[in-house]
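Novice: So the chains spell out like this:
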Amino acid sequence: MKSVTGNDLVVIGGGPAGIAAAATASSLGLRVALIDERVTLGGQIFKRVGPGFDLRERKSLGKDYARGSDLIDEIDRPNVTVLTSTTVLTIEDGKVITSHAEEGIRALDYRFLIIAPGAYDRPVAFPGWTLPGVMTAGAVQTMVKTQRISPGKKIFFAGSGPLALAFSAQLIGLGAPVFRVIESAPFPSPVNALRLLSRIGGNLDLIRDAAKYRSVLLKARVPFKYGRIIVKAEGEGRLEYVTHAKADREWNPIPGTEVREACDALCVGYGFFPSHELFRLVDCAFEYDENRGGFSVIKDEWGATSVDSVFAVGDGTGVTGSYSAVAQGRLAGLQIASRLKKITEEERDSTAKPYARELRARNRFQSALNKMFDVGAGIYRLADSKTVICRCESVTRGAIDPIIDSTDDVSVVKGISRAGMGLCQGRNCQRHIAAMIADRHQKPISSVSFQTPRFPVKPVEIGAIADDSVREEKYFIT
Amino acid sequence: MSEFLVGYLSNQSNHEDPPRECDVLIIGGGLLGTSLAYYLAKEGTDVTLIEREEINREASGTNAGSFHFQIALHQLTPNMTNSEKERLASEVRLQVDAAKLWDNLEQELDADLGVHFDGGIMVAETEEEMGVLRDKDEIEKSAGLESHILTGDEMRAFAPYLAPDLAGISFCPREGHANPLLVGPTYAYRAAERGVRFRTDCGAESIEVLTGEKHRFKVTTNKGVIKANRVVNAAGAWTGELAAQLGLKLPMGLSGLHVNVTEPREYFLKSMVQHIGRRLTLKQTHNNTFIIGGGWPSRPEPYPKRYSNIWNSTSGNLAVALRVLPMLKDVKLIRTWSGVWAYTLDFKPILGESERIPGYHVAMVPTGFTLGPMVAQMLSEYMTAPKGSVKLPEEFRVDREVA
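So the protein lines, in turn, are chains Y and G. The first sequence: position 267 = 267 (full-length UniProt numbering), numbered continuously. The second sequence: position 72 = 72 (full-length UniProt numbering), numbered continuously.
I should point out that these hints are in silico values taken from the structure, not numbers from a laboratory. Each hint should be verified, as a subset may be incorrect.
Unchecked claim - Straight-line C-alpha distance at most 27 Å; calculated DSS-like pairs for lysine-lysine:
hint	chain 1	residue 1	chain 2	residue 2
1	Y	Lys458	G	Lys305
2	Y	Lys246	Y	Lys232
3	G	Lys387	G	Lys218
4	Y	Lys443	G	Lys223
5	Y	Lys2	G	Lys100
6	Y	Lys458	Y	Lys95
7	G	Lys100	G	Lys391
8	G	Lys305	Y	Lys95
9	Y	Lys212	Y	Lys63
10	G	Lys305	Y	Lys443
11	Y	Lys353	Y	Lys458
12	Y	Lys95	G	Lys332
13	Y	Lys95	G	Lys223
14	G	Lys270	G	Lys249
15	Y	Lys153	Y	Lys95
16	Y	Lys154	Y	Lys95
17	Y	Lys371	Y	Lys458
18	G	Lys85	G	Lys305
19	Y	Lys371	Y	Lys386
20	Y	Lys2	G	Lys141
21	Y	Lys443	Y	Lys212
22	Y	Lys342	Y	Lys443
23	G	Lys387	G	Lys227
24	G	Lys270	G	Lys42
25	Y	Lys386	Y	Lys443
26	G	Lys249	G	Lys305
27	G	Lys42	G	Lys141
28	G	Lys332	Y	Lys458
29	G	Lys85	Y	Lys458
30	G	Lys329	G	Lys270
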């Protein structure tokens with residue numbers, strides 16, 4: 001294991017929040033190491049085009065691409081080390097342990113640590129969701145953004161929240177043939193719309209974006225329907241038909257309202273879950289906030305968590321979007337610079353002002369939006385007994401239900417059924433199972449506890465981590 | 001396969017308040033506690049078992065489910081004296097008995113427990129280790145445990161997946177494994193059928209010895225007071241802590257163990273693989289994943305937090321695994337976990353009734369999965385027979401002192 005020492009700050013995650021944090025901290029003289037598991041920086045929203053592509057017209061890729069480029073340019077400094085294609089496996093005793101195909105295992109020490117892991121698509125298990133041709137919005141976006149490949153010739157988009165609109169419009173803009181978009185939430189009620197309007201200050205750009213996206217759909221004559229939810233996907237060997245239906249307030253499909261349509265790609269985007277594996281591994285305190293994506297790490301206005309010298313920023317702490325993420329990153333960078341005496345508290349506060357203001361405005365707006373697109377419990381009831389819940393271990397709902405009848409403990413369900421023991425490490429099914437337990441035992445999902453956090457945070461080849469220089473102690477008696 | 005587990009869990013009375021009195025009160029719902037409850041109930045004893053969480057949750061359910069009938073490598077040294085060899089042989093005889101119990105257990109409990117006897121391989125890397133392996137083989141054979149030594153081409157033909165340059169291996173056909181998630185709960189299910197009252201989320205907070213009353217013990221739990229004639233401390237890793245309440249100092253220690261689990265690969269490794277000189281146990285499960293452990297440490301955490309894993313344990317443990325099975329190089333590690341291993345300072349079970357506190361029993365055994373059911377059966381025989389008619393081995397004495 002190699003050591004990378006002398007870092008004032010290690011930032012995990014090269015999306016908007018992580019890059020902004022690294023940019024601010026490094027501009028104030030901190031030695032920063034920025035880690036990301038992808039080949040290029042940018043995270044999901046600022047994702048770069050894939051290697052091998054020659055970018056001629058940056059403008060054609062849209063505003064977010066340009067915002068990302070500007071931000072990435074900011075960290076082009078000698079005191080910033082960027083480690084891409086590098087996966088964090090664990091954090092232990094003040095060291096971030098990473099793996100890289102050529103560099104092997106490296107341990108980075110730090111005085112401060114910022115964890116900006118981002119979020120991942122909310123997996124939704126409905127009959128047929130494992131068919132080829134059914135993809136999450138994030139996966140489709142990656143495919144289209146980095147490889148310029150459309151997932152199908154006739155794409156159906158089912159989802160919820162502002163990103164359902166944004167994603168589908170972006171896909172259309174990039175030439176992917178979306179033919180229908182459904183949104184599970186009802187058409188905004190006057191109360192919700194007014195709440196949103198009252199918080200519009202500082203968010204006009206988002207409203208403009210939304211209007212633009214809507215007009216993209218209108219221009220392309222793609223129907224956008226509120227209050228409908230995906231019910232089923234069917235096909236021989238791959239996706240051929242989708243069925244969608246009207247949804248009630250709790251997002252339960254209303255019988256008799258089903259519509260079946262032919263298509264070859266289904267893009268599913270029902271929001272995100274924050275990636276909280278690393279926060280749990282370092283034992284940060286959590287709270288439950290449905291609007292931030294469920295269990296969320298507790299942090300102060302600068303992003304400091306309950307664990308000394310560990311900060312949390314970006315969508316991994318609750319999904320609030322890229323503008324908010326950048327502001328969070330800047331604030332954390334400032335606070336750490338001030339704790340390391342690179343700037344005074346007065347300098348910190350005066351520089352922080354515009355970011356704090358922006359963050360407040362964004363968060364107010366976001367929470368109004370979240371109320372509007374509140375995820376209904378019905379989304380966890382779409383699976384039938386044959387539907388696979390844990391796709392790594394092929395465990396169906398029918399196999400899980402009787403276990404849940406007898407226990408409300410996620411670990412017991414996992415132990416007996418093997419759901420959550422596969423390559424995705426439970427990312428696809430654990431939350432679903434927690435929701436099933438909550439539903440069956442009539443208790444809030446916040447009371448269903450986590451499984452114990454364990455490394456590696458991502459699967460890794462044995463050959464990459466085996467270290468012959470580590471010797472065990474001799475046994476207890478000789 | 002999980003009907004007994006689910007059946008046990010759905011028993012609503014588990015969550016009721018405990019009875020006010022009973023004959024035997026077992027504290028701890030691990031494999032020892034549940035199997036003891038079964039054997040006692042089979043003889044008609046009135047038993048209540050209390051467990052502060054849920055049964056089978058700690059070491060009983062988190063171990064790898066292996067039967068360790070071969071002599072454990074930490075017991076072996078080069079150039080052993082004859083008396084050391086005789087001591088080890090007596091342990092092997094115990095293990096041979098345990099093998100017989102496991103052989104019959106699925107029939108006894110009328111349940112699938114995932115019991116398989118696929119054999120165990122112990123590898124030696126160096127000629128010095130090979131010498132120890134030969135000594136071990138000799139002791140095992142003398143105690144009635146079948147074992148074979150293979151080297152060179154013979155070894156490579158028998159186990160072509162092993163690194164070809166190993167000095168040699170021993171093979172014990174009797175070794176195998178069972179599913180640790182099923183054994184304890186199935187015992188509990190069968191014990192409950194015979195009238196044992198299980199009470200979970202019910203922890204023993206304090207124990208008092210009573211004098212001049214009908215019952216000898218008063219145990220205070222978070223769910224009320226239970227009076228019992230006899231108490232069995234079967235609290236696994238917490239046995240010593242519980243015994244200390246009554247001033248008993250048990251010769252035991254705790255150690256956190258690290259376990260690695262990989263992604264599944266095509267099934268090829270029938271037998272468990274161990275190393276005579278280094279810390280390694282490696283096997284492929286019936287889910288096709290590899291479980292790799294062997295005694296690498298994990299970090300103690302205060303209860304109720306689980307022991308946490310240590311990176312060096314993973315990287316060191318996996319290096320030993322690759323030395324023995326190089327073909328696992330590109331298999332992905334998915335998870336690690338850790339459990340608490342309770343051991344005794346002389347590696348003998350602590351089993352029986354305290355001489356200082358009559359009526360107070362302790363059941364603790366270092367290789368708890370392999371030997372647990374058997375020592376539970378021995379203790380049950382002792383507790384149900386007329387006083388003095390059944391004797392437990394002297395070296396298992398509860399009140400012994402170990403230097």
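Novice: All hints are to be evaluated individually against the structure, with a verdict given for each.
Specialist: Comparing the hints with the structure gives:
Proximity of Lys458 of chain Y to Lys305 of chain G is assessed by CA-CA distance (about 23 Å); at most 27 Å being required, the pair is judged to hold. Of the pairs offered as hints, the one joining Lys246 of chain Y and Lys232 of chain Y holds, with about 13 Å between alpha carbons and a cut-off of 27 Å not exceeded. Restraint check: the Cα-Cα separation between Lys387 of chain G and Lys218 of chain G comes to about 23 Å, which is no more than 27 Å; the hinted pair holds. A C-alpha spacing of about 23 Å is found between Lys443 of chain Y and Lys223 of chain G, which places the hinted pair at or below 27 Å, so the restraint holds.
As the CA atoms of Lys2 of chain Y and Lys100 of chain G are separated by approximately 50 Å, the hinted pair breaks the 27 Å bound. Note on Lys458 of chain Y and Lys95 of chain Y: the hinted pairing holds, with a Cα-Cα distance of about 17 Å set against a maximum of 27 Å. Between Lys100 of chain G and Lys391 of chain G, the direct Cα distance comes to roughly 21 Å. Compliance with the 27 Å bound is thereby established for this hinted pair. The suggested pairing of Lys305 of chain G with Lys95 of chain Y holds, with an alpha-carbon distance near 22 Å, which does not exceed 27 Å.
About 12 Å separates the Cα atoms of Lys212 of chain Y and Lys63 of chain Y, which keeps this hinted pair within 27 Å; it holds. Under the criterion of a C-alpha separation no larger than 27 Å, the hint pairing Lys305 of chain G with Lys443 of chain Y is consistent with the structure, at around 24 Å. With a CA separation close to 37 Å, the supplied pair Lys353 of chain Y and Lys458 of chain Y exceeds the 27 Å bound. For the proposed pair Lys95 of chain Y and Lys332 of chain G, the alpha carbon gap of about 22 Å is at most 27 Å, so the pair holds.
Distance restraint check for Lys95 of chain Y and Lys223 of chain G: the Cα-Cα separation of roughly 44 Å exceeds the 27 Å cut-off, and the hinted pair is therefore not satisfied. With a CA separation close to 42 Å, the supplied pair Lys270 of chain G and Lys249 of chain G exceeds the 27 Å bound. For the hint linking Lys153 of chain Y to Lys95 of chain Y, the alpha-carbon distance of about 47 Å lies beyond 27 Å, and the restraint is violated. A threshold of 27 Å between alpha carbons decides the hint, and for Lys154 of chain Y with Lys95 of chain Y the separation of about 48 Å lies outside it, so the pair is violated.
This hinted pair does not check out: Lys371 of chain Y and Lys458 of chain Y have alpha carbons roughly 33 Å apart, beyond 27 Å. Note on Lys85 of chain G and Lys305 of chain G: the hinted pairing is violated, with a Cα-Cα distance of about 40 Å set against a maximum of 27 Å. Distance restraint check for Lys371 of chain Y and Lys386 of chain Y: the Cα-Cα separation of roughly 33 Å exceeds the 27 Å cut-off, and the hinted pair is therefore not satisfied. Using a Cα cut-off of 27 Å, the hinted pair Lys2 of chain Y and Lys141 of chain G is violated, with the two alpha carbons roughly 47 Å apart.
For the hint linking Lys443 of chain Y to Lys212 of chain Y, the alpha-carbon distance of about 41 Å lies beyond 27 Å, and the restraint is violated. With a CA separation close to 49 Å, the supplied pair Lys342 of chain Y and Lys443 of chain Y exceeds the 27 Å bound. Taking the CA atoms of Lys387 of chain G and Lys227 of chain G, the gap is about 21 Å. The hint holds against a cut of 27 Å. Proximity of Lys270 of chain G to Lys42 of chain G is assessed by CA-CA distance (about 35 Å); at most 27 Å being required, the pair is judged violated.
Taking the CA atoms of Lys386 of chain Y and Lys443 of chain Y, the gap is about 25 Å. The hint holds against a cut of 27 Å. Proposed proximity of Lys249 of chain G and Lys305 of chain G is supported: the alpha carbons are some 25 Å apart, at most 27 Å. Between Lys42 of chain G and Lys141 of chain G, the direct Cα distance comes to roughly 35 Å. Violation of the 27 Å bound is thereby established for this hinted pair. Restraint check for Lys332 of chain G and Lys458 of chain Y: the C-alpha separation of about 10 Å stays at or below 27 Å, so the hint holds.
A threshold of 27 Å between alpha carbons decides the hint, and for Lys85 of chain G with Lys458 of chain Y the separation of about 46 Å lies outside it, so the pair is violated. Taking the CA atoms of Lys329 of chain G and Lys270 of chain G, the gap is about 19 Å. The hint holds against a cut of 27 Å.
Hint compliance for this structure: hints 5, 11, 13, 14, 15, 16, 17, 18, 19, 20, 21, 22, 24, 27, 29 are broken, all remaining hints hold.
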